[in-house]
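**Q** Residue numbers (our numbering), protein chains in the order written: chain A, 42 to 284; chain B, 13 to 500.
Hints in this document: simulated from the structure, not taken from any laboratory. The beta-carbon is built from N, C-alpha and C at its ideal position, and this holds for glycine as well. Worth double-checking, as some hints may not be accurate.
[What the hints assert, rightly or not] Which stretches of chain B does chain A cover? Using the computed rule of at least three CB atoms under 8 angstroms from a CB of chain A, they are: (1) 120–129; (2) 137–146; (3) 436–446; (4) 466–475.
[Said to hold, decoys possible] Label-pair ranges, simulated between beta-carbon atoms: (5) Ala269(A) <-> Arg336(B): 22 to 28 angstroms; (6) Arg147(B) <-> Pro260(A): 42 to 48 angstroms; (7) Gly223(A) <-> His394(B): 24 to 30 angstroms; (8) Thr95(A) <-> Gly293(B): 46 to 52 angstroms; (9) Phe282(A) <-> Ala294(B): 50 to 56 angstroms; (10) Gly293(B) <-> Val79(A): 50 to 56 angstroms; (11) Pro260(A) <-> Gly85(B): 48 to 54 angstroms; (12) Ala134(B) <-> Ala181(A): 48 to 54 angstroms; (13) Arg147(B) <-> Pro69(A): 31 to 37 angstroms; (14) His194(A) <-> Glu459(B): 32 to 38 angstroms; (15) Arg147(B) <-> Phe282(A): 34 to 40 angstroms; (16) Arg126(B) <-> Ala181(A): 39 to 45 angstroms.
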Amino acid sequence: MSDALARWNPLTPLVAALVLVVLAYAGPAPVSAPLALVVALALAWRTGVGARVTWLALIVGVPTFALLWLMNGVIAPDGARVGGALPLAAAARDANAIALPLTAAIAALGWTVVGIAPRRLTRALAARGLPAWSAYVLVASLEAVPEARRRAHEVLDAQRCRGVAVRGGVLGRLRSLLPMAGPLIVSLVTESEERALALDARGFEPRRHRTAMVPIEDPGTERAIRAALWIVLAGILAWRFIH
Amino acid sequence: MTPVLTLDIRRIRYGRNTVALRDVALELEAGEIVGVAGHVGAGKTTLALAAAGLLGRSVAASIDGRIVHHGGGHPCAGFVFANPWTQLTELGGTVEEEVAVGPENQGVPSAAIRARVDRALALADATHLAQRVPRDLSGGELQRVALASALALDAPLLVLDEPTAQLDPESTDRFAQAVRSLAASGTAVLIVEQNLELLLTLATRVLVLADGAPLATGSPSEVLDRWPPLDARLGAPASVEIRARREMRDGRDDAYAHAGRCAPAARAPLLCIDDLCAGYGARDVLRDLSLTIPNGSITAWLGANGAGKSTLARTIMGLVPARRGAIHLGDIALDPLPVEERARHVGLVFQDPSRQLFSRTVLEEVMVAPSALGYPARDADHRAREALEAVGLEHELRVHPGDLSSQAQRRLAIAAAMAAGPRLLILDEPTAGQDAEGRAHIARALERQRERGAAAVITHDLAFAHGACDGGVTIDAGQVSFIRWNTP
Chain A
42 MSDALARWNP
52 LTPLVAALVL
62 VVLAYAGPAP
72 VSAPLALVVA
82 LALAWRTGVG
92 ARVTWLALIV
102 GVPTFALLWL
112 MNGVIAPDGA
122 RVGGALPLAA
132 AARDANAIAL
142 PLTAAIAALG
152 WTVVGIAPRR
162 LTRALAARGL
172 PAWSAYVLVA
182 SLEAVPEARR
192 RAHEVLDAQR
202 CRGVAVRGGV
212 LGRLRSLLPM
222 AGPLIVSLVT
232 ESEERALALD
242 ARGFEPRRHR
252 TAMVPIEDPG
262 TERAIRAALW
272 IVLAGILAWR
282 FIH
Chain B
13 MTPVLTLDIR
23 RIRYGRNTVA
33 LRDVALELEA
43 GEIVGVAGHV
53 GAGKTTLALA
63 AAGLLGRSVA
73 ASIDGRIVHH
83 GGGHPCAGFV
93 FANPWTQLTE
103 LGGTVEEEVA
113 VGPENQGVPS
123 AAIRARVDRA
133 LALADATHLA
143 QRVPRDLSGG
153 ELQRVALASA
163 LALDAPLLVL
173 DEPTAQLDPE
183 STDRFAQAVR
193 SLAASGTAVL
203 IVEQNLELLL
213 TLATRVLVLA
223 DGAPLATGSP
233 SEVLDRWPPL
243 DARLGAPASV
253 EIRARREMRD
263 GRDDAYAHAG
273 RCAPAARAPL
283 LCIDDLCAGY
293 GARDVLRDLS
303 LTIPNGSITA
313 WLGANGAGKS
323 TLARTIMGLV
333 PARRGAIHLG
343 DIALDPLPVE
353 ERARHVGLVF
363 QDPSRQLFSR
373 TVLEEVMVAP
383 SALGYPARDA
393 DHRAREALEA
403 VGLEHELRVH
413 PGDLSSQAQR
423 RLAIAAAMAA
433 GPRLLILDEP
443 TAGQDAEGRA
453 HIARALERQR
463 ERGAAAVITH
473 DLAFAHGACD
483 GGVTIDAGQV
493 SFIRWNTP
């Protein structure tokens, strides 16, 4: 999580990210997508999560570009001719047209996912009237990957304590997959049942609005910034509708 | 007095055929502390869930009878689960946020939530944990958080299922004081406990269940202060047992002393730890810890919650890397060995055994370790059966591990570790939730382990430590502060 973003109402970066995604896909080409990418990365670096967001953008963007360029420029559309289906430069341009907006969108959304604490975001959304169940679904979704990773680590530790080799060559890893996967799935299912019981015991009502011990502040400047961002977003969509 | 809860249960069933509880009539009044005791599988947790209004909601069950919460409210009771890990909702990133989840769900205004959370943390002796991440806490620390989370609901009824199972003795005393002060302020408390000593001193009334039905009810002294105990599976409070055995042994001072044990210090050392440092992230948990455990010994590792006992066990096993220091088991240096290799020499049973059980049957589960370590199938089968016999599960070979009670699962995890034939066996809180029968099985398994090498028991159960171990090592703030061996 980003300490710099913790000073902001989580809705502000969320709306900014939304504007960048729309800009990348619906803004005037060829400027909008690179512009959205540069702004998203700049915001990420400025708020202390630049390295992770850049890495995220690269691991999505580069393979996507390479794959599309390979398909367009090297392998013919009908699969019959190899090489020269399109001039390589043109193929790169076509690949870029798809990969760049995608990379910009990943960078913008990645910035919010990496930078905003999910629980702060749900509290901010709850203050806007989001029902308890959707707040919980949002937290659970954002926490699903780290939760599964944590659980996998526990299963891994337990298996290693019993002498099950889970490292080494490809064969060894494949052999250990079954004793890993089964318990992981079972424990995740069990945990979701336990979570339901824990929530029930604490008076969780899906349709009820929750209050917050520490309400998320929403100063006037941030509300103004968000209003401006909504206007920009509407402007981009209007431009796209006209053109 | 004002009634808070009226239970008139004819039958509670799980599924079609399993009757978990029958013929229970109970009324709780404001300010009353009612203790519920019974052997494993007696129906205590079912009664607790019913009293808290959770049965038939998130726990599927059919109830034939009447459960009335006179105070109303939602939830109608604060509930503390036997397993503190199941208490976490994950809606809170820090302990104080987790404790605040209940009042937030109730729609309490912000300022009032803060006041409730501060009061609940103080009552549960968990104020110092407020900014910690719940998942990083030890079992005992998490149990305090669980208690605080239930208290923060400010419900007229508090239902506690084994609330002290993971607490150190000092925290248990503070817990008892907190419950007394809650009762004094008018909260009705229903407490399920295997710690009969606690019920003897804390409860105003006790209900003993056996095989899903009431066996006895009355004042704690009438029901629990008797020898032989009402139900041998349940046992008796430690003070009652010690007194009775002392009388039987004609004035012998130490009822638990095991004749024939020599001072372990005279034996060859098995585990030697020198200047060990280990921790998580930037936090040092073990600080220059040195310890020697003799061969053929059973040692209790004692100390406050969060003192570093479990971290020590995980470091010996290799799950937490040592930052400095050396660990030797006999003439084997453990430091360079990976966890999988250490499993030949060291067995570790975690606090939460369900995290360690994966197979389709009990027998298969226990065969995993010897098979993984390369023993032939016949040998692995033999080792598994031997280990299961040691923990009293020899008749459950074909049962699915998930169908066992949590107490039996704990013993299964012990058998699974023993089957690998480790020279050192470390059990983390093995007696949590065990009745007298379960504790006797674990004590027997420890005696079996003594023949192979040594065993260490991380525990807050001083009566068990005294009865089943040769001595105690006290760990305080990541260092060994005190060692005491029993004398023959």
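**Q** If any of the earlier hints don't hold here, list their numbers in rising order.
**A** Hint check: 2, 3, 4, 5, 6, 8, 10, 11, 12, 13, 15, 16 fail, others pass.
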